[in-house]
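Quick mapping for you: the protein sequence lines, in order, are chains A and B.
Per numbering that gives the first Met the number 0, residue 0 is the first one in the first sequence, and the count goes up by one each step.
Per numbering that gives the first Met the number 0, residue 0 is the first one in the second sequence, and the count goes up by one each step.
Since the hints were derived computationally from the structure, they do not count as laboratory data.
A hint or two may mislead.
What the hints assert, rightly or not - Chain B is faced by these chain A residues, among others (derived, beta-carbon under 8 angstroms): (1) G13; (2) Q73; (3) L103; (4) R155.
As the list claims (entries may be wrong) - Restraint-style ranges between C-beta atoms, simulated for each label pair: (5) B:K300 with A:A23: 27 to 37 angstroms; (6) A:G35 with B:G114: 18 to 28 angstroms; (7) A:L136 with B:F499: 56 to 66 angstroms; (8) B:K202 with A:R1: 27 to 37 angstroms; (9) A:Q11 with B:K202: 35 to 45 angstroms; (10) A:A23 with B:G574: 48 to 58 angstroms; (11) A:Q11 with B:N450: 24 to 34 angstroms.
Since this is a predicted model, take the numbers as computed values, not measurements.
For each residue, glycine too, the CB sits at the ideal point set by N, CA and C.
Listed here are the chains, written in short residue letters.
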Amino acid sequence: MRHVLSALVQNQPGVLAHISGMLASRGFNIDSLAVGETEKPDLSRMTFVVHGDDAELEQVRKQLDKIVTVVKVQDISSEDFVERDMMLLKVRCASAQRTEIVLLVEMFRGRVVDISAESLMIEISGREQKIEAFIELMRPYGIQELARTGRIALVRGQPGQGDVL
Amino acid sequence: MGDPATTPLSGATILVQCLLEHGVEVVFAYPGGASMPLHQALTHVSDRLRTILPRHEQGGGFAAEGYARSTGRVGVCIATSGPGATNFVTCLADAKMDSTPLVAITGQVGTPVIGSDAFQETPIVEICRAVTKHHYLVMRTEDIPRVLKEAFHIAGTGRPGPVLVDVPKDVQNREIVVHDWGPPMNLPGYRPDRRADRADLKKVHDAIRQSRKPIIYAGGGIITAGAAAQLKMFAERTGIPVALTLHGLGGFPSDHFLCLQMLGMHGTIYANYAINDADLLLALGVRFDDRVTGKVSEFAKHGKIVHIDIDPSEINKNKVAHIPIVSDVRHALDDLLRLLDEEPRSAESPTLRHADWIRQIEHWRETEPLRFADRDDAVLPQYAIQRLWQILKDRNRLDETIVTTGVGQHQMWAAQYFHFNRPRHWITSGGLGSMGFGLPAAMGAQAAHPNRTVIDIDGDGSFLMNVQELACCFTEKLPVKVFLLNNQHLGMVVQWEDRFHGGNRAHTYLGAGLDEEPYPDFVAMAKSFRCGARRISEKADLEGAIEDMLDSKGPYVLDVLVPYQEHVLPMIPGGMTVRDIIKA
Numbered sequence: 000m001r002h003v004l005s006a007l008v009q010n011q012p013g014v015l016a017h018i019s020g021m022l023a024s025r026g027f028n029i030d031s032l033a034v035g036e037t038e039k040p041d042l043s044r045m046t047f048v049v050h051g052d053d054a055e056l057e058q059v060r061k062q063l064d065k066i067v068t069v070v071k072v073q074d075i076s077s078e079d080f081v082e083r084d085m086m087l088l089k090v091r092c093a094s095a096q097r098t099e100i101v102l103l104v105e106m107f108r109g110r111v112v113d114i115s116a117e118s119l120m121i122e123i124s125g126r127e128q129k130i131e132a133f134i135e136l137m138r139p140y141g142i143q144e145l146a147r148t149g150r151i152a153l154v155r156g157q158p159g160q161g162d163v164l
Numbered sequence: 000m001g002d003p004a005t006t007p008l009s010g011a012t013i014l015v016q017c018l019l020e021h022g023v024e025v026v027f028a029y030p031g032g033a034s035m036p037l038h039q040a041l042t043h044v045s046d047r048l049r050t051i052l053p054r055h056e057q058g059g060g061f062a063a064e065g066y067a068r069s070t071g072r073v074g075v076c077i078a079t080s081g082p083g084a085t086n087f088v089t090c091l092a093d094a095k096m097d098s099t100p101l102v103a104i105t106g107q108v109g110t111p112v113i114g115s116d117a118f119q120e121t122p123i124v125e126i127c128r129a130v131t132k133h134h135y136l137v138m139r140t141e142d143i144p145r146v147l148k149e150a151f152h153i154a155g156t157g158r159p160g161p162v163l164v165d166v167p168k169d170v171q172n173r174e175i176v177v178h179d180w181g182p183p184m185n186l187p188g189y190r191p192d193r194r195a196d197r198a199d200l201k202k203v204h205d206a207i208r209q210s211r212k213p214i215i216y217a218g219g220g221i222i223t224a225g226a227a228a229q230l231k232m233f234a235e236r237t238g239i240p241v242a243l244t245l246h247g248l249g250g251f252p253s254d255h256f257l258c259l260q261m262l263g264m265h266g267t268i269y270a271n272y273a274i275n276d277a278d279l280l281l282a283l284g285v286r287f288d289d290r291v292t293g294k295v296s297e298f299a300k301h302g303k304i305v306h307i308d309i310d311p312s313e314i315n316k317n318k319v320a321h322i323p324i325v326s327d328v329r330h331a332l333d334d335l336l337r338l339l340d341e342e343p344r345s346a347e348s349p350t351l352r353h354a355d356w357i358r359q360i361e362h363w364r365e366t367e368p369l370r371f372a373d374r375d376d377a378v379l380p381q382y383a384i385q386r387l388w389q390i391l392k393d394r395n396r397l398d399e400t401i402v403t404t405g406v407g408q409h410q411m412w413a414a415q416y417f418h419f420n421r422p423r424h425w426i427t428s429g430g431l432g433s434m435g436f437g438l439p440a441a442m443g444a445q446a447a448h449p450n451r452t453v454i455d456i457d458g459d460g461s462f463l464m465n466v467q468e469l470a471c472c473f474t475e476k477l478p479v480k481v482f483l484l485n486n487q488h489l490g491m492v493v494q495w496e497d498r499f500h501g502g503n504r505a506h507t508y509l510g511a512g513l514d515e516e517p518y519p520d521f522v523a524m525a526k527s528f529r530c531g532a533r534r535i536s537e538k539a540d541l542e543g544a545i546e547d548m549l550d551s552k553g554p555y556v557l558d559v560l561v562p563y564q565e566h567v568l569p570m571i572p573g574g575m576t577v578r579d580i581i582k583a
């Protein structure tokens, strides 16, 4: 079963190394890991996507929580949450193909961020399945390079408690 | 020195001042280039803080563990950068596995050259992340008071463990004015205090009342939490027998009628039978280690499991608990005792509540006691330990005797045949199983308790691994007694060779040849360190030799030649079950 864990950690050198080392040494498999600063400069948020049964997930969570610099761990998959993955993708594109590809980009609510005589760079964000579907659509044109951020996620606001998208 | 509030002080002086503020009385410190400022600062406080010079950093680390385990306080060791620091790795891993509170301080190359492969540079924090509870690389002198405060707090609270503090040399040398010696800690994610809900404990209480065959499986957590008195009251109030882990020994009196001694791989047959048959297992301050459980799916599989531990990650890690409780075990037992007080007093005594169960266990205890076939033509190691214990008992010195061990057969025999009635009298390397632990750990315990008898029951393999510490024992006047069970082999590996590899010896013989004298000559070696020493091989000489050892004033090595053919029994082979117990 797929779980999304969200952890607030102290923004200090070595925290990422500590966490990734712990996950590796205990044999946990992480599908995706994304790190970034939060609204508070002394805290970072890490988002993990983990596949495993409930027992394995419980251990991942507890072992994360045991790390002194980890402030809070939440399994947000059981809650109503928004998740996003962002991708930059460079695809081969002759000038004759541009309209066709740009149409696809628009359908996926992506953006063209760079253009050259023979290629396009596209920015796209969304849920994992959407990104995967877009990659499949681009494959026939010839994907030159691709970079993804990994999943990030937040729990939705409660009604009356801020914006609900 | 002027007013400390306005006088600039070096980082090293500040660090040493912080050690004093945290009540440190002894440090085990081996100097080197990157830790020289610390040692210079230590000389200025030698009237209040004793610096003991081990002869190897690993000896210093294990000594700090011995100090910590015999006192319950945080042990402190110091080493230089590079090889000094890497020599701490085993000690840190050992302390992590056995939940020993330790602050290990290492010198580091100066901040401008970190990362340049400078002389004696190792990224020790990177190396030690997985084997410490927490770790710091201190990049600013200003941070020293806060980091030290956090380090002692983390090491000593919750589930204790080792904290590494790596301090670059320029950070030690830089002088600053300290305005706040007690700065606030910055540990938003550290929550060491855990106390069980009453509702959860009510479930435990109900389970106890419904149980007909309950048993307590108690471990090192009892000793760490200072819960031995509570455990005794709880066992007596409920009439539930107690089996102990290796680290639980002393957490419940061995001579108590409810004590089933040690369980697990080399535990008593009756303890293991009782665990297997129990309908309720109360696991207190334990972690379901493989040396206890054997095949984990078969362990205590007929019973409901209550697991109480302060570390949430231990709950359901190896074995799923029916009633999981995250709590300091002392608080949990206090609250359980309160619940027991509230229940209406019944006329029957608690042991009568499950009289058939107690009768069954007593039957096992009588028919399957711990035993060995003694010989008259040799000193058997089991017999030697039994005699040592008896002599100390006859001298009325058991309560003041601390025992440490190396790792292997002698360690298991010490656990079986030396009986502990109080906590913190038994110090051994359990989780990591570090050979060479015994002598330095004894040294640390002796430093903490100068007037008590500290005996390292050791094997010849383990003893040789840190034998250099005899020099420290002599020069620092630490009168440790080494009770050396010398069988010229790596006994435990030999035992496994005999049982599982057709007796093929694979580099487990430590002597110089079968027609040679025992090797090395430990008596001559000990004497070269100016320690007392004697070798015996006759059973008739044992008692007198033990008396001489105990009466000696300084450190002493009693080299007891024992046959290597003995096996530690009973034995449940790794990954097997109570049905597979080897009894002979």
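Hint by hint, here is what the structure shows:
At about 7 angstroms, the closest approach between the beta carbon of G13 (chain A) and any beta carbon in chain B falls short of 8 angstroms, and the interface hint on this residue holds. Of the supplied interface hints, the one on Q73 (chain A) is violated, with its beta-carbon coming no nearer than about 13 angstroms to a beta-carbon of chain B, more than 8 angstroms. Annotation: L103 (chain A) was flagged as interfacial toward chain B, and the flag is violated, the nearest CB pair being 44 angstroms apart, outside 8 angstroms. The closest approach between the C-beta of R155 (chain A) and any C-beta of chain B is roughly 25 angstroms, which is over the 8 angstroms cut-off, so the hint fails.
Taking the beta carbon of each, K300 (chain B) and A23 (chain A) are about 32 angstroms apart, inside 27 to 37 angstroms as hinted. Between G35 (chain A) and G114 (chain B) the beta carbon distance is about 25 angstroms. The supplied range of 18 to 28 angstroms therefore holds. In this structure, L136 (chain A) and F499 (chain B) meet the distance hint of 56 to 66 angstroms, their C-beta atoms being roughly 59 angstroms apart. Against the hinted window of 27 to 37 angstroms, the Cβ-Cβ separation of K202 (chain B) and R1 (chain A) comes to about 32 angstroms, which satisfies the hint.
Judged by the Cβ atoms, the range 35 to 45 angstroms given for Q11 (chain A) and K202 (chain B) holds: they are separated by roughly 40 angstroms. In this structure the hint that A23 (chain A) and G574 (chain B) lie 48 to 58 angstroms apart at CB is violated, the actual value being about 25 angstroms. Our hint of 24 to 34 angstroms for Q11 (chain A) and N450 (chain B) is violated, since their Cβ atoms are close to 45 angstroms apart.
Hints 2, 3, 4, 10, 11 from the earlier list are contradicted by this structure; the remaining hints agree with it.
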